[in-house]
Every structure is written in C-alpha cells, then in structure tokens.
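Asker: As a plain string of letters, each chain reads:
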Amino acid sequence: MKRSGLVLIVSILLVYIFLIGPLVIIGFSGFNESEFLDFPPKVYSFRWFFRIFESDMFVSAFQTSLLISVLGATGALLVGLPAAYSLSRTRAKWRRSVLSLFMSPVIVPGVVLGFALLKHVVIALDIEVWTGMVMGHMLIMLPYVIRVIVSSLSNVPIEIEEAAVSLGCSNTHAFLIVVLPNIRSGILAACLLAFITSLNDVPVTIFLTGPGVTTLPIQMLSYVEYYFDPTVSALSVLLMLLTVAIMIVIESTMGLSFFTKK
Amino acid sequence: MNNRLHILLVLPGVLLVVALLVAPLYFVFLDTIPDLEHPFSLYEAFLEKGFHQKIIIRTIRVALITTMICVILAYPCAFFIARYARRFKAVLIVIAVFPLLLSPVVRSFAWMAILGKNGFVNDLLLFFRIIQEPVQMLYTEGAVIVGLTYLFLPLMILPLVGVIENIEEDLLDSAKSLGAKDIIVFFQIILPLSASGLLVGCILVFTGSLTAYTTPRLLGGDQAMTLSTLIYQNAMTLFEWDAASVIAIIMITLTILVMKIIGSLATRMNPDV
Chain A
153 MKRSGLVLIV SILLVYIFLI GPLVIIGFSG FNESEFLDFP PKVYSFRWFF RIFESDMFVS
213 AFQTSLLISV LGATGALLVG LPAAYSLSRT RAKWRRSVLS LFMSPVIVPG VVLGFALLKH
273 VVIALDIEVW TGMVMGHMLI MLPYVIRVIV SSLSNVPIEI EEAAVSLGCS NTHAFLIVVL
333 PNIRSGILAA CLLAFITSLN DVPVTIFLTG PGVTTLPIQM LSYVEYYFDP TVSALSVLLM
393 LLTVAIMIVI ESTMGLSFFT KK
Chain B
567 MNNRLHILLV LPGVLLVVAL LVAPLYFVFL DTIPDLEHPF SLYEAFLEKG FHQKIIIRTI
627 RVALITTMIC VILAYPCAFF IARYARRFKA VLIVIAVFPL LLSPVVRSFA WMAILGKNGF
687 VNDLLLFFRI IQEPVQMLYT EGAVIVGLTY LFLPLMILPL VGVIENIEED LLDSAKSLGA
747 KDIIVFFQII LPLSASGLLV GCILVFTGSL TAYTTPRLLG GDQAMTLSTL IYQNAMTLFE
807 WDAASVIAII MITLTILVMK IIGSLATRMN PDV
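Protein sequence lines correspond, in order, to chains A and B. Everything in the first sequence is counted per this note's numbering, starting at 153 for the first residue and increasing by one. Everything in the second sequence is counted per this note's numbering, starting at 567 for the first residue and increasing by one.
A couple of the hints might just be wrong.
Derived coverage of chain A by chain B (criterion: at least 3 residues anywhere in the stretch with Cβ under 8 Å from a Cβ of chain B; other residues may be distant) [what the hints assert, rightly or not]:
(1) 242-256
(2) 371-382
Distance condition first, Cα-Cα at most 30 Å in a straight line; then the derived DSS-like pairs of lysine-lysine [said to hold, decoys possible]:
(3) B:826 / B:683
(4) B:742 / B:620
(5) A:271 / B:742
(6) A:271 / B:826
(7) A:245 / B:747
(8) B:683 / A:194
(9) B:620 / B:826
(10) B:655 / A:271
(11) B:826 / B:615
(12) B:655 / B:615
Derived DEER-like restraints, expressed as beta-carbon distance ranges [what the hints assert, rightly or not]:
(13) B:735 / A:407: 21 to 27 Å
(14) A:306 / B:653: 28 to 34 Å
(15) A:188 / B:630: 43 to 49 Å
(16) A:283 / B:592: 20 to 26 Å
FYI, nobody ran anything at the bench for these hints, they're computed from the structure. The structure displayed is predicted, hence computed values, not measured ones. Even for Gly, the Cβ is constructed at its ideal location relative to N, Cα and C.
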C-alpha cells in the first residue's frame with residue numbers, strides 16, 4: 153500500500169505539471185525581452201504588453217468580441233430565462249425533449265454549426281455579418297444560460313412562490329419579487345459562463361467573420377500562423393488574469409463544484 | 567400555472583434553436599442528396615478519394631487515442647482528488663478547471679511554443695545530447711494528440727471526481743479486509759461505481775477530439791488534417807460546398823454514433839447507469 157501510494161502521488165504530480173507547465177512557459181515568454189519564445193527568458197521586459205496596445209489589431213478585435221458577447225448574452229438571457237423558468241416548474245411530457253433541444257448547440261460540432269449558419273442563414277437570407285455573428289453567439293450561449301439557471305431555480309422551493317400568489321401576488325409579480333432575487337447569483341454565473349464561451353469560441357465564429365468584423369481568438373489564430381513572437385504570449389497572460397477574475401466570481405456565486413457535477 | 571403558459575415561455579427559445587440550428591442542419595442534409603435517383607452519389611464521390619478516407623480514419627484514431635490517454639491519466643488523479651486530497655482538494659479542482667475556461671487558442675499556442683523547432687522540448691533534448699538536430703514535432707499527428715489531451719484532460723478528471731466522491735468508504739474497506747488486492751478493488755468496485763462519470767468523461771473527450779478545430783489547425787496544420795479542418799478548407803478556401811455539406815453530415819453522424827456506443831458500453835458495465 154505504501155508503494156502504491158507513492159506511485160499515486162508521483163503520477164498526480166506529473167499530470168499537474170502537464171496541466172500547468174505549458175501555461176507557466178507561455179506566461180514567462182510574455183515577459184521576454186527577446187523576439188523568441190525561449191524559456192526561461194534571459195532578460196525580462198514589458199515590451200510585448202505595450203505592443204498589444206500599440207497595434208489596433210488586437211484592441212479592436214477585443215472590442216468586437218466584447219460587443220458580440222454582450223449582445224449575444226442579452227439575447228440568450230431574454231429567451232433563456234423564461235424558458236429555464238418554465239422547464240424547472242413544469243412536469244409536462246415535452247419537458248425532456250425541449251431540454252435536449254436547448255442543449256443541442258453543445259452537441260452539434262462547432263464547425264458544422266458555423267457552416268450551416270453561414271450557408272443557410274447568413275448567405276441564404278443575405279444577413280449582415282454583424283447580425284449573423286450575434287445570432288451565432290446567442291445560439292452557443294443559450295445552453296449554458298439555460299442549464300445554469302435551471303439548476304439555480306431548482307434550489308428555489310415552489311412553495312414560497314405559491315405563498316406569494318396565495319397572498320394576492322400575480323404570477324409575474326411573484327416571479328419578479330420572490331423568484332428573481334433568489335436566482336440573482338445563478339443569473340450572474342450563467343452570464344459569465346456564457347461570456348467566456350463566446351469570448352473563446354473559434355469553430356462557429358470562424359465561419360461568420362467578415363470584412364472588419366473579427367473577434368479576438370480569430371485574430372490571435374491568424375496572427376500566430378504568420379508571426380511567432382511573444383505578443384500572443386503577453387496577450388495570453390492578460391487572458392489568464394481575466395479568466396482568474398471570472399473564476400473567482402463563479403466560485404463566490406455558485407461554487408466551482410458546479411464543474412464536477414454534470 | 568397551466569400548460570399553455572409554460573409552452574408560451576419556452577416558445578421563443580425553441581423557435582430560436584429551430585431557426586438557427588435545426589432548419590439549417592436539415593437543409594445541409596438535403597444539400598447532400600440532390601438527386602433522389604442516386605441519393606448517395608455525393609457521398610460516394612467524397613469517399614472515393616484516398617485523401618479523404620485517410621482524414622476520416624486519422625480523425626477517429628486521434629480521438630480514440632486521446633480518449634484512452636485521458637482515461638489513464640485522469641483515473642489516479644480523480645481518485646486522489648476525491649479521496650485523499652483533503653485541504654488540497656479545492657486547489658486541485660481549481661487548477662483543473664482553469665485551463666478549461668482559457669481560450670483554446672492560448673492552450674494550443676502554448677504547445678506550438680513547446681513543440682516547435684526552437685521550442686522547449688527540442689532545447690531540452692539538444693541540451694542532454696539525446697538528439698543532434700532539432701526534430702520536427704509540430705504539424706504531426708502526435709502533436710495534435712498531445713494538444714487534444716491537454717485540451718480535454720480536465721473534462722475527464724472532473725466528472726470522475728464527482729462520482730468517485732460518492733463511493734462509500736466502507737465498501738472499499740470491506741473489500742480490502744476480505745483480502746481483495748488493490749487491482750481487484752479497482753476493477754470490481756471503483757470502475758463499475760464510477761461508470762457514469764467515466765461515460766460522461768469519455769463522451770465529452772471523444773466527441774470533443776472528433777470535432778475540435780483550433781488544436782488540429784495550429785498543431786496539425788496541412789500535414790495532419792482532421793475532419794474539422796477539412797470542412798473549413800472545403801467551405802472557405804476551396805468553395806467546395808457539396809463536399810463541406812457531406813463532411814458536416816459525416817461529423818454529426820459520427821458524434822451521435824459515438825454517444826450511442828459509449829452509452830451502451832457503460833450500461834453493460836453497470837446496468838444502473
């Protein structure tokens with residue numbers, strides 16, 4: 153038992169080095185003075201961080217990403233919140249099939265989704281690039297919004313709502329003053345998860361980009377294919393910081409244990 | 567509340583998914599059978615090319631190997647996190663979740679830097695004089711497998727932690743006190759009782775690897791293409807939309823097939839799943 157315990161610990165250590173190592177290497181190379189991604193750097197500097205903001209390419213791509221994900225998340229929330237409410241309260245037979253319909257954007261391969269959207273929505277209906285992009289992002293965010301809000305709603309007992317209604321509240325009023333305040337943190341977590349999904353998406357987005365409309369990951373993707381310097385490393389450091397911030401908020405709203413329960 | 571009101575509340579969402587996903591996919595499917603006399607002519611034309619067959623086989627092989635590596639790496643990890651980590655548990659879970667939320671471009675780029683001609687691995691091998699000249703590691707199938715394993719390992723660890731946590735300690739203790747060896751305990755108790763988590767993990771990793779785009783594009787390039795980089799190339803650079811539609815249907819079919827097969831395997835391992 154002693155020896156198998158040691159083997160266990162060593163193998164976990166190796167797996168965790170595998171998980172963290174690449175990010176540490178990229179992190180260091182972002183602070184490299186030289187133009188190469190050598191590790192560890194000989195001289196440290198912030199020059200590549202300044203480079204990000206000097207060229208318009210990444211800044212405007214990030215702004216586009218931000219705008220698309222905010223618009224998409226708003227749309228996903230507008231249709232997702234009522235749907236999630238109904239799904240968590242109804243016992244009708246259609247519940248299961250509707251729920252799996254809402255989860256389908258996660259199951260259908262991203263590139264297939266992007267291609268189908270481009271061919272049969274954006275081009276077939278001659279929709280503007282911007283609109284198509286927002287529609288695509290709304291679609292990929294919807295499953296996260298619905299799943300998180302449904303699980304958040306399942307913690308709100310139906311009785312307190314019924315109590316409000318029996319005391320003379322209308323259904324809508326009861327929802328607004330009793331249910332909504334109780335799922336505030338769930339909604340916040342849903343939005344953050346949706347935001348990160350949208351911000352990181354490549355396969356759907358890459359089919360929907362057009363002249364002047366490029367998101368941050370697509371811009372990074374095409375950059376690293378042509379230039380191999382620490383600019384993207386520096387950008388990665390910033391994205392890691394953003395991710396840490398988002399994780400802290402998710403942890404404080406619904407707990408990271410959410411990720412171990414599928 | 568009555569049923570009609572509930573239907574009204576889900577209706578906008580349902581319409582959105584139908585308009586942006588179900589209908590477009592249905593039209594893509596119709597595109598692949600332009601001629602009802604020979605419904606499979608486009609598929610035949612696509613599959614005839616050896617180049618395409620190679621890519622389909624490579625995609626499945628890469629996904630299969632990635633899933634197997636993830637299972638092997640994730641089990642000890644998940645077991646340790648769920649049972650022995652105690653106060654390190656939260657930290658270990660956070661470290662597993664963190665890469666999941668990070669852009670796949672960043673995660674693949676990291677491996678470009680590590681596996682490149684002047685990358686970390688080549689430097690290391692040169693330093694210890696294991697090799698005399700830098701080895702080409704990028705743009706190979708191996709690089710794609712490493713990148714995908716890195717991308718999806720957390721998706722195997724996390725569901726396994728969830729199910730292993732729920733296995734009763736008494737069960738393991740009584741098996742051991744009755745003389746079962748560690749390996750028997752694993753195959754007879756832990757494996758069947760964690761089948762549901764394993765099922766979720768395998769489906770996520772296998773379908774994820776089957777359809778990932780960023781990693782094969784950056785680490786595989788044109789030399790080690792997969793179905794997802796092939797569909798992009800056909801649709802956006804070659805404008806072969808018929809071929810792209812065929813690939814789309816093949817990818818969806820593969821995904822559904824994988825989910826069904828893994829699902830039935832898990833039911834056989836533990837009928838209660």
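Asker: Which of the numbered hints above does this structure break?
Answerer: 3, 4, 5, 7, 10, 12 and 15
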